Every structure is written in structure tokens, then in C-alpha cells.
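> Protein sequences appear in the order of chains A and B. In short: position in the first sequence from 1, add 511, done, that's our numbering. In short: position in the second sequence from 1, add 4, done, that's our numbering.
Among the clues, some could well be false.
With a straight-line Cα cutoff of 20 Å, these simulated EDC-like cross-link-like pairs (lysine to aspartate or glutamate) come out [what the hints assert, rightly or not]:
| id | chain 1 | residue 1 | chain 2 | residue 2 |
| --- | --- | --- | --- | --- |
| 1 | A | 840 | A | 693 |
| 2 | B | 43 | A | 735 |
| 3 | A | 762 | B | 240 |
To be clear about the criterion: a stretch of chain B counts as covered by chain A if any three or more of its residues have a C-beta under 8 Å from a C-beta of chain A, and this derived list gives those stretches [unchecked claim]:
| id | region |
| --- | --- |
| 4 | 162 to 168 |
| 5 | 229 to 239 |
| 6 | 332 to 339 |
| 7 | 378 to 386 |
Calculated from the structure, these hints are not laboratory results. Only a predicted model underlies this, so the values are computations on that prediction, with no experimental measurement involved. Glycine residues also receive a C-beta, built at the ideal position from the N, C-alpha and C atoms.
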Amino acid sequence: MRKVSMTALILALILAFSQCSFADDVKIGSCIYRFSDAFMLRFRNAMSAETEREGASIFILDSQNDQTIQDQQVDELISSGVNVLIINPVDRMAAQNIIDKAKNANIPVVFINREPPAEILKTYDKAYYVGAKAEESGTEQGELLAAYLKEHPEYDKNNDKKLQFVMLMGENGHQDMILRSEYSVKALKDSGIVPVQIVGAIANWDKLQAMNMMNAFIMSIGSENIEAVIANNDEMALGAVEALKANDYNKGNPEMYIPVVGVDANASALDAMDRGEMLGTVLNDADGQGKAAVKLAAALVSGKDIKSDIKSLGYEITDNRYIWIPYQKVTRGEK
Amino acid sequence: MAEIKTSRSKRLFTTGGIAFLILGIALYFLKAPMGLNRKIYDLPVFLIIIGICFALKGFMAKDKTEEEASLAGKTFTEFLTNNAILLAMLVLVIVICILQPRFMQIRVALDILTQSSTKLIMALGICFTLLIAGTDLSAGRMVGLAAVISASMMQTATYANRFFPDLPQVAVWMPIIIAILACMVFGALNGFLVAKYDMHPFIATLAVQVIIYGACSLYFDMPPNNSQPIGGIRPDFAQLGQMRLLSGIYQGFPGISILIPIAVVICVIIWFILNKTVFGKNVYAIGGNREAAVVAGINVFKNIMGIFILASCLYGIAGVLEAARTAGATNNYGNGYELDAIAACVVGGVSLNGGIGKVGGIIMGVLIFTIIQYGLQFINVSPMWQQVIKGVIIAVAVAIDLTKYRRK
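Please work from the sequences and hints to get the whole structure.
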């Protein structure tokens, strides 16, 4: 069944491309590791929209979270005549295969969302990566909190000129957990705040665990001694918010407010922010990344000199092959 | 001799209780003038409560016969081993109170009871499957299923990312019933596999566990939700898990979480089912000796189906309450709950060989577990150490349990 539909799709692809074959037409072939991923859904939509704006064409395939399927799809895309690839690898360590295929066909390849190791990426001069730097989510989170604290010096409940905070961390050893925990605190320090972590707990990205832990902290440390909560993701931040609400905090009374920050900008977090229960979050900018990936792909096909002339593309290329899209701070009132 | 001994134990409880009571009352009035408010918190109130309990126990205790009394004297070391876990917990509580006096607050006790409530409901469900010498590995995933289903239909109309964008604001009871029914369908599947094919419950419920998680993930992944955590829960639904009764009857009283009375009611119902109904007697009979139960004319198929369906109904309730309490749900809710529930049952004296177990014991088991877990979190013991300690408790509890039966 899958074979049949795949063949049909490829046929449709070939037909579509053969109908409009100008020499420098941008024909993008793309594979997404799994269509049902909410983040990649937004990514895909952004790519489609940008392709339309560029007047190019794009075909996006679902790799169904299977690297073997993705490898086949890349072969099929290349033989159907695309002139640039945008690949969201299933397994970032398996990118060599895809690079080899692109090299053989002599077409550029842009990796997105999951960053292949640098030593693999540099084996082909037309391989690029568009994504966000993981540590930046922590930095932005810290800056967002710092900005609030500067405007609200009353946060310092014990007047010791330090920020006593609770850190709720994701799964132990996860790259995002390590980088976000480290860089959020670093950003606070850099903006002149003296952060003191009273307690750091691993809540495994989980709302329920975070809620139970936060509850215990409110009892053991005392809510009057907690001046902020930093969570590695929004779900844990929301767990902390529920625990605070159960203790009559963050319900609208400015006297009873503890700022809580997360990362992801998921719908529940935005909702909580609208109600003033949560201070802010950081958005991994799917729209911006999707747009940049397509722009880069189009520029590569048309052979623009993007490396020396920054303005022609609108994005800065780092180390000859990276475009970093910044995370975005989201606070109350914005959406 | 024996006469003196019995009255001594009775006197011990009575005088001890009254001593606690007097100390508590004294501290209650002295703590403010002595500046101990921030050092002992609500300790006096706890002392008063403990005092009343002891004194009542002393007054109510019957004079034991000579034999029983001498037996009680002989088995003092046995008493220690039999209650090792309880005693270890008491020591831990005292240590925690010294390290972090904030532990001695009424609100902490209430918080522990609140966190115990859903666990207790789970444990009461799983105890039925343990009573027939089985187990139920699908319990945790059923909690997740019930949480996701109920939360998905209980979102506010204005929420940006609704699971069912066109769903009207339905009555609160409807999604709850649907969620519990969904769990009961899988419970029936458990029961069917075990009863019809005589499959070992470990394998049958393992298979169903995987099926439930898959099904729940599929549901959770449906567009437009696409595996995003469910949020924007309606306040009237969240109240089911967050409402506080009697809050503010005096200054600073945080109120009793509604989960506590819910758990109490369920305890009473389960106690009644286990002790006062034919079904309950059948459960013990099948667990004690299955062949004998068959010979005695008990319909094993029907009873096993009943056990798994009743258990899944309780998991469903626990799942709905978890969703309400946290005002949200993901397909990962309830992951691993079954092991905590089984462990609490075992610590509470439910035998894995079937046929032995009481509601009172399960309540104790759940409370012991929650107090230890909460207490360790309270003094900020590393989660890795918490795991080690939890494991040791389970091993010790089962070891004591087994030696107890060997002695008999």
C-alpha cells in the first residue's frame, strides 16, 4: 500500500516538474522526520508559504520516523529532478548517507531542525544547516526574567539583593536540560542579577511531577522565600503554576506573585500567560526557520553569492554553512 | 503476673496518651510567648491529636486473657520486625522534623493526604488483582487514558488549541463517564484474557498496557492536537481535583482538598465490597485456593471479569482526578503508577500469593509510601537516592511478609 502510494506520488512529482521546467526553476524536495510532530507541522507550513512567495515549488514527504524510508525518499526525490534538498533527518548521525546522495547528484542540501555533526556536514561544500542554538533558549529565558526583575525590584522579598529561585529541570542528561539550566542562570548573572538556586529538581519535562515537587518546595522552603521559578520547558512551568495557585499565589493579587518562566510557547503556556499566571516563555521559531531554509535553498539554486554578500540573502552565514535563527521571547500580551 | 501485664499495656497507652495531650496543650499556649512559633510550627496540634488517639486506644483496649498477654510479651521482637517499616518511617519523620521544622505543619499533613488520595484509589483497584494472586501492569496507562480522554473534552471555549474545536461545553459528568467507560473496556479485555485463556495476568495486562498506551497516543496525536499537551481546562472540571473544603475556618487554614473525602468514600465502598458482599468473599476464595473455589461452585470467569473491570473503573477515576488536579493531561500521565500502587499494597500487607490483604493495610501502605517520598523530597534528598530508598523499602517489606508466613 505504501509502495503504491509512494509510486503515485513520485509520478505526480515528475509530472508536476515536467510541466514547468525552466532552467533555473527552484524545485525543492524535502523530507520531514515525522509529519505528526507539532513543531514540524508549523515548520512545514512556514516552508510551503515561503515557497509560494518565492515562486518556487516544493514537495514534502513524511519519513514516518524511519531513516531507511527517508533514504529511499531522498533517492526518489533526486531522480524526480529536484535541484535542492531540505532534509529534517530522522537520525542526525545518519546524515552522511544523504550528503553522499546529494553530492552524487551535485545538488545542494539544507538540513533543518536536527543538526548533523560538523565533521559529517563539512564533507560536502554544498551542505548547510538552518536551526536554533539550544543554549540560546536558556539565555533568552534568563534575559526575559531579568527584564521583569529589573522592572519589579520588589521581587527581592528578603532584601538581600539576590534572587532565590527554584529550577525545574528536564530529563537528566538531556542536551536541552543541561544547556537551558546553565544558560538561563548565566544570562541572569550577565544582566547584573545575583541568582541563588535554592533548589534544583528533575521533573522529567512532566507537569505532574513538577507540580508535586513545587508543592513540596512551597511547604519546605516556604513560598515567602521563593522569588522565581525557572523551568526547562512549559509543561513543568505550568506544573509549578498549578502548585502556586493551590497556595493562592499567581491568582491576580500582585502581593502574591512569583514569576515563572518556561520554554516552548505551547498553547497552555500562552493561555496561562494571558491570565497572568505565568510570566513568559521562549519560542523555538518554527516559522523563522522554515522561511530561512527555503530562502537559502532558493539562493543556492540561483547561484547567488550568499557567503560574502550577506544582504542578498538576509541571513548571516556562520562558518560557511550555518544559519542560526534566534529563539524569541514571549511575554504577557503577545501571541 | 499476667493480670499486671495487661493493665500495664493499657495503662501505658492511657498515660502516654494523656502525657502527649498535656504536653501538646502546654506547648500550644506556650509556643507564642516562648518564641517557638517558627521552630515547632503545628507540633502541639499533632501532639494533641496523637495524645487523643493513644488515650482512646488505651480506654477502648479490652483486658486481654492471660495467654494473649504472655504471647504479646514474648513476641516483642516480633512486633519490632513486623512493624519495621512503620518504625523506620517514624524515625525518618522525626529526623525530617529536626532537619526541617516546617514539616510540622498542618498543611503538610493535608498535602500528604491529598497526594495519597489518588494513589490510594489506584492501590485499592490493584489490590483486587493481587488478591487473586495476579497483578495489573496496565493500571498506570489506564490513568493516562482516562486523563487524556476527560481533559480533551473539558477545555474552555476560548482556548486557542482545543482538542475538539467544535465540541460544545458539555456537562462535566459526561467526559468523566466516557473516560471511565473506556478504561472499563480495557479492563474487560484484561479480565477476558485472564479468565478465558487462563493467561497469566502479568502477560495479559502487559499486552493490554502496550495496547492502551498505543491507543491513547493515537488519540492524543489526532489533528488538530498533534500530541500537544492538553491545556485550557475548564475551571468547573478542575474544581473536581482542586477544590478545598472548609478553607479559612480559622486564620491560615489551607482547607481540605476534595480528593481526601473522595478517597475516603471509595475506601468505604471497597471495604464494603470486600467484606460484606458475595463478590468480595469470592475474591478471597479464588485468591486463597482457586481449585477449591471452582469445586465450591464459584463462577471464576465471571468473578475475574468483575475484578478487572472494577479495578479499571478505579484507575479511571484516579485518571480523571489527576487530570482535574493538574488541569491538564498528556499521554504520559500515570506512567509507572502501577508499580507504586503494587509496592504500596505489598508494604500494606497484601500478599502477592493471593488471598490476603485488608483495606486498612492498604491505606497504611499508601500513607507510609507517600510520607517517605514526600519527606525525602522535603529535605531535598537526590531523586536517585529516593529511588534506592524506595527499592529497599519494597524489598524489606516483602522479606518481612514472607518470614511472617513461614513462621505460621
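> Run every hint past the structure and note whether it holds.
Do the hints match the structure? See the list:
no., hint, verdict
1, 840(A) with 693(A), "holds (18 Å)"
2, 43(B) with 735(A), "holds (16 Å)"
3, 762(A) with 240(B), "holds (16 Å)"
4, 162 to 168, "holds (count 3)"
5, 229 to 239, "holds (count 7)"
6, 332 to 339, "holds (count 4)"
7, 378 to 386, "holds (count 5)"
Violated hints: none; the structure is consistent with every hint.
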